[in-house]
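2 protein chains.
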Amino acid sequence: MSRRDPSPGIDRRALISALALLPVLPEVFPPVSARAQTESGAPLASWNDGSAKQAIVDFVHATTDQGSSKFVPPEERIATFDQDGTLWVEHPIYTQIVYCLDRVSVLATRKPELRRIEPFKTVLSGDWEAMAKLSMHDLVTILAATLTGMPVREFEADVKNWLETANHPRWKRPYTDLTFQPMLEVLRYLRDNGFKTYIVTGGGQDFVRVYSQRVYGIPPEQVVGTMGGTKFGYNKDGKPFLTKEPRLLLNDDKAGKPEGIHLMIGRRPRAAFGNSVGDREMLEYTGAGDGARLMMLVLHDDAAREYAYGPARGLPNSKFGTFTAALDDEAKKNGWTVISMKNDWRKVFAFES
Amino acid sequence: MSRRDPSPGIDRRALISALALLPVLPEVFPPVSARAQTESGAPLASWNDGSAKQAIVDFVHATTDQGSSKFVPPEERIATFDQDGTLWVEHPIYTQIVYCLDRVSVLATRKPELRRIEPFKTVLSGDWEAMAKLSMHDLVTILAATLTGMPVREFEADVKNWLETANHPRWKRPYTDLTFQPMLEVLRYLRDNGFKTYIVTGGGQDFVRVYSQRVYGIPPEQVVGTMGGTKFGYNKDGKPFLTKEPRLLLNDDKAGKPEGIHLMIGRRPRAAFGNSVGDREMLEYTGAGDGARLMMLVLHDDAAREYAYGPARGLPNSKFGTFTAALDDEAKKNGWTVISMKNDWRKVFAFES
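Those protein sequence lines, which keep their order, are chains A and B.
Counting in this note's numbering, the first sequence runs from 439 upward without gaps.
Counting in this note's numbering, the second sequence runs from 439 upward without gaps.
These aren't lab readings, by the way, just hints derived from the structure by calculation.
One thing to keep in mind: the hints can contain errors.
Stated by the list, open to error - Below, simulated PhoX-like cross-link-like pairs (lysine-lysine); rule was C-alpha separation at most 20 Å, straight line:
| no. | chain 1 | residue 1 | chain 2 | residue 2 |
| --- | --- | --- | --- | --- |
| 1 | A | K674 | B | K771 |
| 2 | B | K677 | A | K771 |
| 3 | B | K771 | A | K677 |
| 4 | A | K549 | A | K559 |
| 5 | A | K770 | B | K677 |
| 6 | B | K770 | A | K677 |
| 7 | B | K610 | B | K598 |
| 8 | B | K674 | A | K771 |
Stated by the list, open to error - To spell it out: a stretch of chain B is covered by chain A in this simulated footprint if at least three of its residues, at any positions, have a beta carbon under 8 Å from a beta carbon of chain A; those stretches are:
| no. | stretch |
| --- | --- |
| 9 | 641-653 |
| 10 | 657-665 |
| 11 | 676-684 |
| 12 | 699-712 |
| 13 | 722-733 |
All C-beta atoms in this analysis are idealised placements derived from N, C-alpha and C, irrespective of residue type, glycine included.
Start from the sequences, fold in the hints, and give me the full structure.
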């Protein structure tokens, strides 16, 4: 089992190095292609028949049939899903990063002096080339300024408002429309069969919780993400409230995913879904348990309907969300199922006609 | 609203200063008194009629009746319970501390050199007076040695084994028999009415999770406790596992309770139950939300059937688990309900005839 991946991909630890991808944003994207309509009462209706769909169905049958030697009691039916690139689009840049950048403008209206202070000055300039050159220290400053320091409830309201107005540059639709319909069907199919579904993301836990119920049917208590501390205090009327602090408790990526799963769930998942080297340890940890286990990886090989990036299997390299050749090898060796977006999904988005 | 409590009680932050209570252990305790049998199919069968029982019933009716202006959608029905002194006996010493002390003996059989090293030498000596004088640094050393450094699964197996053999000094029964029957009935009554029940304890999250399902019907993912970090790694066969690290992520006591609730649940509870100053912030946070809320505090005023300690209402002082006069005042002011163990509970333990 390979412990170290020779991947040139950017460590999700530096979530925000994705900022380096900003020059991609203004590019012209290929048009969204229309595909055959799907959606019916049947489970997994947006999946083509094939080994990926079959692996999901077989797993559910084996774990829920009381007569099966692989039967799993309902309370142990835990399924974990990475978010970015697994449940929704992660290109050209993580949605949460777009939020942070937009947020800098809002901050500047309140504190005009930021317009003269780096790195805010650069972000506000709209000069993509300059932004791509921001240092890690600059990026951490931007994250800290936009994700911490405010009351939790104010942050949640800000994210909610932003999601209602911001659009993805390619589809010109809210980011929350860009979830993968086949994966929403997997979530529902597992829940209909007694599984508790969790998001396990490198993104901010508080960020994802704002929309997880509405978009994925996953309640806030089932979102495991990168976690920051909060501080309990009282306002001037003596009313208690929590403030988001710039104190990292757990970076929920790579080895941090099984660590976060233990912290938040305390059980080993029965099924885990990912799409990149950031999900490898979660799949390894899931697969190390006894009995029936399902490990799956989404391969983005569909430039027409979504994006194509690897670098496995000759796909173009990507600065983040990397599906490397080593990951592909490990999947083969461990019996993890690779989902080909192009071949396994009849439909990618719910809004396709 | 009082932010600072003048209580002389020991900060739960120093969980282990409870060690200072060790001299109490060998004392002779009053015999357990037998009481009228209870237990029937009716909810809250071990409760006497009165304002405490009525407050619980009224809250459940108001929040679950669709016609009520205080109706709460099922997904928002979150109820949190402190453990020590609220769900089970916390005297003469927290159960987890007894585990840590017992564990020192086990460690010494593996590492005989500990017999010559302080503070282990003192703990192994059985000299209660010397143990009571151990410094905070010594106590942290004992906690770190007995609760961290091992694989998570090994720790879980050790706790499970210990719970099967250790007995409480007064009742000569396993600690897990010493849960309060009326509180088990509240847990069940709330769950039967669509509430998700959580433990929110200053005790170790991993420790409580070992028995939470069996003893309280609460699954591990609904246990919020003092949290330490874990480290993901591989054994010599390449199999992944997690190791418990001596790194505190969150001290789930006092202000740490609402912080832990936000971290692990991400929602404000609708109901919260405690018994000491360590629970005050949790009850304040719960009460600060809109709509129907239920905040309750167990008062230990029953020396015959359990223990009597305050120091509120003229009850004897206690070195931990303190119900102070200031807490009592805040309860009155905020409309929190105080549960008198003596008057409100027909039965304390399930094993009473």
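Hints and how they fare:
no.: 1; hint: K674(A) x K771(B); in the structure: 18 Å, holds
no.: 2; hint: K677(B) x K771(A); in the structure: 14 Å, holds
no.: 3; hint: K771(B) x K677(A); in the structure: 14 Å, holds
no.: 4; hint: K549(A) x K559(A); in the structure: 12 Å, holds
no.: 5; hint: K770(A) x K677(B); in the structure: 17 Å, holds
no.: 6; hint: K770(B) x K677(A); in the structure: 17 Å, holds
no.: 7; hint: K610(B) x K598(B); in the structure: 18 Å, holds
no.: 8; hint: K674(B) x K771(A); in the structure: 18 Å, holds
no.: 9; hint: 641-653; in the structure: holds (count 4)
no.: 10; hint: 657-665; in the structure: holds (count 5)
no.: 11; hint: 676-684; in the structure: holds (count 5)
no.: 12; hint: 699-712; in the structure: holds (count 6)
no.: 13; hint: 722-733; in the structure: holds (count 3)
Checked against the numbered hints listed earlier, the structure breaks none of them; every hint is satisfied.
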